[in-house]
Amino acid sequence: MFPNWLRKFSLACCLISATSSTFAVDNNNPQRKTFLKAEKNVWQPESSDYKTLYDQLHFYPLQPYLDQRRLMHRIKLSDASEIEAFLEEYQGTPLDWPLRKKWLRYLAKRERKALFLKFYAENNDAKLNCLRLSYQLDAGLPSSVVLPQVTNLWLVGKSQDKACDPIFKKWSTAGYRTPSVVWKRLGLAADGGKHTLIPYLTGLLPKSEQYLGRLWHKVRRDPAYIRKLSRFTNFNEKETEIMAYGLKRLIWRDPNTALSTYQNAEKKFNFTEEQKAYLASRFALALASKGHKKAPEWLDRVTEEYLDSHLIQWKLADVLKNQNWQEVRNRLEALPESKHQAHQWRYWYARSLEQLGEQAKAKELLTDLASTRHYYGFMAAQHLGLPKELQHQPLNYTVAEKNKALLNPAAKRAFELFHIGRYSDARKEWNYWLSQLPMSEKLMAARIAHEKGWFDRPIFALSALGYLNDVDLRFPMAYGEEIQKLSAKHNIDPSWAFAIARRESSFMRDAHSSVGARGLMQIMPATAKQLARKTVSSRYLLNAENNIDLGTKYLRQLLERYDGNAILATASYNAGPHRVKQWLKRDTGNLPTDIWIEIIPFKETRDYVKSVMAYQQIYQHKLNIENKSPFNHIVGTSIGDNAVIAVGE
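Residues in the sequence shown are numbered consecutively from 165, following the working numbering.
Note that these hints are calculated values from the structure, not bench results. Just so we're clear, the structure is a prediction, and the values are computed from it rather than from any experiment. Even glycine gets a Cβ: it sits at the ideal position worked out from N, Cα and C. Any given hint might turn out to be false.
What the hints assert, rightly or not - Simulated restraints, written as ranges between beta carbons of each label pair:
1. Q487 - L629: 35 to 43 Å
2. K525 - F766: 31 to 39 Å
3. S453 - S701: 34 to 42 Å
Assemble the whole structure, with the sequences as input and the hints as a guide.
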């Protein structure tokens with residue numbers, strides 16, 4: 165067996181021409197079977213069966229994975245030369261880190277410090293980084309060079325590995341653990357980290373400041389603790405910081421208590437202008453999200469510095485829900501000039517002008533907006549009765565360019581891993597390959613992936629690269645046969661199903677969310693059980709046809725639940741029927757559908773509905789579906805009390 169990286173240790177070598185190497189890339193199917201068999205025997209590398217299989221895989225793209233796993237299986241010092249050769253050959257690739265990490269931990273356990281430092285490479289493993297710094301000190305590197313690097317390892321909001329204790333002790337003894345550094349870490353622990361670390365950090369503060377650490381911990385555990393101002397003694401800078409911290413958390417839990425507490429606190433605490441501006445933005449966002457009556461007042465208090473897209477949305481929603489078009493116009497005109505080119509601003513400004521009788525100016529704005537491939541562009545086109553513009557600009561390349569790109573070893577590994585269903589490893593190889601390419605070749609790689617049926621990679625790549633005009637790559641007809649067949653089975657528009665799948669998973673067949681949703685249409689296990697009338701496994705949900713069957717069936721159920729209203733069904737697919745019911749009950753009377761969408765309380769669902777409607781429009785064009793634009797259900801329609809009745813319960 166003579167892998168490339170081991171040639172200098174071999175007694176003989178094999179030669180292969182560029183032609184036969186290229187041929188191997190194009191004719192890998194028999195070798196895939198051989199590779200999968202070899203994988204099962206990799207733990208017995210000396211067996212004749214394994215050697216026979218391995219020898220059939222010369223120049224197969226995934227042969228290095230067998231070498232890597234063999235070396236990782238029984239890692240030992242006598243393998244140092246082989247490991248070094250392998251890591252040198254595949255340095256920086258996805259093949260590198262799993263072996264290097266295990267090798268470094270092996271060396272650390274045996275205190276082979278010199279070898280550890282030789283093989284060390286930059287990484288995010290705190291234990292290995294702490295050991296590296298300790299070993300560098302032991303090797304004689306000046307403490308003035310080593311110890312300053314410890315600070316970033318110590319400044320995290322959670323406990324670090326015990327292997328870091330020795331270097332942390334030396335760092336502390338040398339005077340680097342100052343009270344200001346301790347306070348920084350305490351803040352990290354309180355704000356998103358492990359609050360159980362706070363008592364330990366409090367003990368590291370000067371005795372005169374330890375009461376502040378205890379106070380912060382109490383506020384972290386229960387923001388309502390700030391209600392009694394008597395619990396604060398000096399109203400100094402640090403107590404003011406803790407009060408501001410408590411207020412920004414309390415406003416989400418108990419708005420009324422937070423409002424009254426802030427009103428009282430302003431008389432006692434000397435909040436900085438920056439703290440006031442920040443708190444105003446947090447209060448405005450929380451109150452608006454909860455539909456609180458004080459929201460308009462706080463939205464008006466937000467300074468331009470903190471006026472982000474979320475708060476602009478709520479400032480707009482606040483006046484849209486009352487259909488006060490003069491106030492809509494005033495709010496939009498009051499926004500900074502830099503916001504006036506946003507699609508959302510242009511659409512709603514045109515709508516306000518339209519409602520206020522300035523038809524010519526409104527039409528001019530809408531006509532310009534209608535030329536864009538965007539939710540608001542499609543809305544504008546629908547208002548004016550114009551065709552929806554897709555502005556498709558395909559990426560092109562030559563066959564020679566494609567063949568050259570496919571000679572890249574990382575590209576070969578990525579596509580081969582994809583073809584055998586190792587999607588996670590395939591994505592790692594893909595990301596590595598793309599990281600090595602110039603912009604033009606990254607775009608070409610996206611096109612190649614699309615042609616090979618790897619539909620999610622081009623979607624993510626083009627988005628990251630900012631090239632958004634190749635509509636075929638960004639909105640592929642992925643799983644077209646299954647989606648059209650199962651949409652017909654459940655009597656829904658296939659363009660809607662395509663749009664949902666595109667928004668849910670970008671056609672990543674093994675997609676899974678942090679809350680447990682699985683597959684192309686991101687079906688939750690509980691929903692799957694209800695739809696299938698039996699418990700189904702994750703593996704079942706990751707099967708494309710099964711997932712699409714359940715997803716389209718669920719869309720049909722939701723469509724029936726909302727009396728054929730696809731907007732409500734789409735919102736419900738994302739947020740759940742119970743939340744949509746709450747939103748419908750919140751809105752008294754009828755609201756124009758475009759306004760109802762714009763004031764959906766959840767940003768995720770609001771953006772989701774807009775995206776799905778825009779995507780559906782694109783897929784209708786690709787499917788040659790005419791006169792059934794999803795924007796027919798938005799422009800000129802209303803959502804109101806009748807929808808609540810349709811929800812039933």
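Hint-by-hint comparison with the structure:
Separation of Q487 from L629 is about 41 Å and conforms to the stated range, judged on CB atoms against 35 to 43 Å. For K525 and F766, the hinted distance range of 31 to 39 Å is satisfied, since their beta carbons lie about 33 Å from each other. Between S453 and S701 the CB atoms are about 37 Å apart, so this pair conforms to the stated range of 34 to 42 Å.
In summary, this structure violates none of the numbered hints.
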